[in-house]
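*Asks:* Residue strings, one per chain:
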Amino acid sequence: VPMMTGEQYRASLIDGRKCYLDGELIKDPGEHPLLRTAVDSVAGTYDRFYDPDPAAFHPMYTIPKSREDMDQRIAALGKSDITAGTTAACMALVEVAPELGKLRPEYRERIYEFFEWCKEKDVRCSEAITDAKGHRKKRPSQQDDPDAYVRVVSRERDGIVLRGAKLHITGAPLVHEQVVLPTKSMKPGEEQYAVACSVPSNAEGLKIVNTTNAPRGGEDQRHFPISHRTNMPEGLLVFDDVFVPNERVFLDGETSHAASLAHALGLWERSNAVAYSGSSADRLVGLAALLAEMNGAADRTDIRDLLSEMAIFATMCRAGWEAAMANAVTNEDGTLSPASLYISASKFYNAELHGKMVDILHDIAGTLLVEAPSMADYDNEEIGDDIREHLAGDSGWSAQDRLKLLHYVRDLTADTYGGWIAVTESLAGGGQYAQRLVTLRHFDLNNAKDLARKAVGL
Amino acid sequence: LITGDEYRASLRDGRAVWLDGARVPDVTADPLLVKSIDWVAATYDRYAGKENPMFSLPRSQAELREQIDFMLENDRTAATTAGCMALTTLGGDALRSYTARVVKNDLRVAAAVDDTAKPVSVMPNKDGVTVSGGKQHVVGAAVVHDLLVLAGDVAVAVPVGSPGVRVIAHTPAPRADDDRHFPYSRSHTISEAIVVFDEVQVSGDRVFQDATAYADTLTIWERARAVADQADRAELILGLAQTISEMNGIETVSHVRDKLSAIAVYAKMCRAGWESALANARVTDGGMVCPDDSFLYATKAYGGHLYSEMTHYLHDVAGGAVITAPTIADLDNPEIGDALRKYMRTMDGVSGEDRTRIFHIIRDLFADTYGGWDKVTNQVVGGGMHHQRMATLDSYDLGPVKARARAAAGIL
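Going down the list, the protein sequences come from chains W and F. Per our numbering, residue 1 is the first one in the first sequence, and the count goes up by one each step. Per our numbering, residue 1 is the first one in the second sequence, and the count goes up by one each step.
Hints are not guaranteed to be accurate.
[Said to hold, decoys possible] List time: in silico PhoX-like cross-link candidates among lysine-lysine, alpha-carbon distance up to 25 angstroms:
# : chain 1 : residue 1 : chain 2 : residue 2
1 : W       : K137      : F       : K342
2 : F       : K118      : W       : K404
3 : W       : K184      : F       : K342
4 : W       : K138      : F       : K342
5 : F       : K342      : W       : K133
[Claimed, not checked] Just the calculated beta-carbon pair ranges, DEER-fashion:
#  : chain 1 : residue 1 : chain 2 : residue 2 : range
6  : F       : P334      : W       : F443      : 51 to 57 angstroms
7  : F       : D198      : W       : D15       : 56 to 62 angstroms
8  : F       : S351      : W       : E116      : 57 to 63 angstroms
9  : F       : T252      : W       : T62       : 43 to 49 angstroms
10 : F       : E335      : W       : P188      : 35 to 41 angstroms
11 : W       : A326      : F       : T252      : 47 to 53 angstroms
12 : F       : T3        : W       : D15       : 33 to 39 angstroms
13 : W       : D401      : F       : G383      : 22 to 28 angstroms
[As the list claims (entries may be wrong)] Derived coverage of chain W by chain F (criterion: at least 3 residues anywhere in the stretch with Cβ under 8 angstroms from a Cβ of chain F; other residues may be distant):
#  : segment
14 : 101–109
15 : 164–172
16 : 200–208
17 : 365–372
18 : 385–398
19 : 406–415
20 : 419–426
No lab work stands behind these hints, which were simulated from the structure alone. Remember, it's a predicted structure, so these values are computed and weren't measured experimentally. Built from N, CA and C at the ideal position, the CB exists for glycine as well.
Working from the sequences, and respecting the hints, build out all of it.
*Replies:* The following block contains the structure:
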């Protein structure tokens, strides 16, 4: 089966799925003003990677076995929309397939069959992991509402029935399969919550309630130079007794392995974030340097101090990924994974200092960052000349270029999309505390203690 | 003193305002600007028939506290108008005569201080002066009556509706058709503007000489309000972080308490800085009582330096629903409303809708358009964090600390 084109992808979304936004049922996401550009970006990825060869597939379906594979995969995902990243992360299921196969051989077979099916059909998947969770300190089995975590409410001969909700599901209304995984480890007695499976987006009983970071009321896309093209909805999935056939069930009741799936996907999700953190940080440094030049302040000592702080941040972000790959590990099926220690430490470092780097950017930019006239103002015959005259400084920057730079930085750091970035950088793939725990778990503390003992002479 | 509706009518004065590249024929009918106007109109209605406190100068610490409380409870143009009133302490019959008219007609005034790339110039002529050039970061320009324009040693009160005044407005007001999931910014935004003066003729009674020192006094209440608001905002961050932690059931988890304690320290220090500015209030030559500038600068610098860290902690304890909580319209939809209430709920006493509303206010204030605007303007107004630190150093009395250092070192 050949890959899908962008047009075929758009058509594939009109499949009876129940998607809601702002309280309304959306019949065709591709036609909705707040979802249209996200659909365009996914369709653009399809067209960009389209190859009519029946054996062709998107590089996200390449399971990396070497550094070269990993570099190619990262490069390809860098040219793709976010749903390619979530799909690629879901393919990490194959990493735990051997382990699950030891529980029940059919789990391993189903995972590989699902992987091949996704690759052949060229579909997109979401990572449906985070449950509603109810009272956070209580176990799933202790909640006053048993549906606070997604669970199996009944088992039939040919499948299971799911009830519950999954939150913060990036790209949910725009993908074909919702890959449902337990959000945490489960204990004996919590078998109904130890469930992993894949559910088609148009499954009977599934409702997808969305929010979006797409610009609202922004008919003039130039005012939102990033978010008008890279926005993505986040879905809240409601499973109202959804039937899932056995062939799409990858775990059902084995509490001992509930967390291993989420851990495998989480590593890939965090790895994606860390892999791009260096280039994202470089972009921040570049934006700060341009703002300084624009404001005629590039040579000021205090500005150079700030730029050097950002340069150190960017360099350390890049170093984190390099170290993770230099210490990568390979599982028994040959899949290469970046080193968890460096991934978690880098993820924490990046998220912890992101706000400080944005502060520097804002300090250099000044108030015009959030008060600059729109490009439509610039085009207006009555006031366009005013803007050209009053915004052109003596640094050689035209008013138009100043506006472009200011709108880009506002959109990235001080508007709806910027807020989404700040929250997701901190929380996606586990919050900051989780990164600390994982880092400490993987850190060779005994070696560190030995060094200390020797140094002290104990 | 006039009502909110009379204020609205007064804005239909032929003013030339643009927003999003289009001329706004009537600011009171524009769906975005009307959010600012409604906020100002509410202040008018609150004081209709009474004396508005912004027209009075505080003469004691108690009055100073009342003045700031008033500014925090009302719209932003109250602080800029009060700044105009504060200028009367600097003297000048023309200015006193003008401010008397401001009081009598219950006008609102914006401060036009920061020049654009084409600074404002004022040329005398037989009927008064001609004003040319541009000002940026003019808070409330589209929704006030007069702009108090500073140009070197001259100040000019320019009616916004004057021929030749062009207001290029911007607003952080929410643009959603249904803005109920923007609980703060739907009713508490004030538009700002770049204002172009194209040979604007202004009568002589609106021109004030010897205005070199005006800038500091004109903006005194905006400066003070910002620091008082920072203390309130810090406490709000703590309140929201504690509330959402309790709603999530994690308020006793050790790493959450670490973050809550960090925010609590921040809130206390912001409050301490503001209280110190009040406790060390100075009396100006004109008899007005003002907060101490060195404490204002230091508190502003401190608050700005840690603000992102505190909002980061707030996001962390709240979780991803800050940006993914369903809207009020979703809750209203009978097909999905009950399910959303069920899954946004966490325990007895925490309804799904209440928790959703907490996420909305966190997003609106700290992770969306208004939050971005608020953060940036607070951080960079007045020159940014570096300048705030420098202002703190410059206003610090270094003599005693150097003497202390010498004494400690045994140097006479």
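*Asks:* State for each hint whether it applies.
*Replies:* Hint check results:
Distance hint between W/K137 and F/K342 is fulfilled; the C-alpha atoms sit about 18 angstroms from each other, no more than 25 angstroms. Note on F/K118 and W/K404: the hinted pairing holds, with a Cα-Cα distance of about 20 angstroms set against a maximum of 25 angstroms. Taken as a hint, the W/K184 and F/K342 pair is honoured in the structure, with Cα atoms around 21 angstroms apart against an allowance of 25 angstroms. Our distance criterion of 25 angstroms between C-alpha atoms is met by W/K138 and F/K342, whose separation comes to about 17 angstroms.
For the given pair, F/K342 sits about 11 angstroms from W/K133 by alpha-carbon distance, which is consistent with the 25 angstroms threshold. Between F/P334 and W/F443 the CB atoms are about 52 angstroms apart, so this pair conforms to the stated range of 51 to 57 angstroms. With their beta carbons about 58 angstroms apart, F/D198 and W/D15 fall inside the hinted range of 56 to 62 angstroms. Evaluation of the 57 to 63 angstroms hint for F/S351 and W/E116 yields a failure: the beta carbon distance comes to about 46 angstroms.
Between F/T252 and W/T62 the C-beta distance comes to about 46 angstroms, which sits within the given range of 43 to 49 angstroms. The beta-carbon spacing between F/E335 and W/P188, approximately 38 angstroms, falls within the hinted interval of 35 to 41 angstroms. Evaluation of the 47 to 53 angstroms hint for W/A326 and F/T252 yields a failure: the beta carbon distance comes to about 41 angstroms. Distance hint for F/T3 and W/D15: a CB-CB separation of about 56 angstroms, inconsistent with the stated range 33 to 39 angstroms.
For W/D401 and F/G383, the Cβ-Cβ distance of about 23 angstroms falls inside the hinted range of 22 to 28 angstroms, so the restraint holds. Counting residues of the segment 101–109 of chain W whose beta carbon lies closer than 8 angstroms to any beta carbon of chain F gives 0, which falls below the threshold of three, so the coverage claim is violated. For the segment 164–172 of chain W, the stated coverage by chain F is satisfied: 4 residues place a CB nearer than 8 angstroms to a CB of that chain, which reaches the threshold of 3. Check on the segment 200–208 of chain W: 1 of its residues sit with their Cβ under 8 angstroms from a Cβ of chain F, so the three-residue criterion for coverage is violated.
By the rule of at least three residues with a Cβ nearer than 8 angstroms to a Cβ of chain F, the coverage given for the segment 365–372 of chain W holds, with 8 such residues. Only when three residues or more bring their CB closer than 8 angstroms to a CB of chain F does the claim for the segment 385–398 of chain W stand; here the count is 8, and the claim holds. With 4 residues carrying a beta carbon less than 8 angstroms from a beta carbon of chain F, the segment 406–415 of chain W meets the three-residue requirement, and the given coverage holds. With a cut-off of 8 angstroms between beta carbons, the segment 419–426 of chain W has 6 residues touching chain F; three or more are needed, and the interface restraint holds.
Hints 8, 11, 12, 14, 16 from the list above are not met by this structure, while the remaining hints are.
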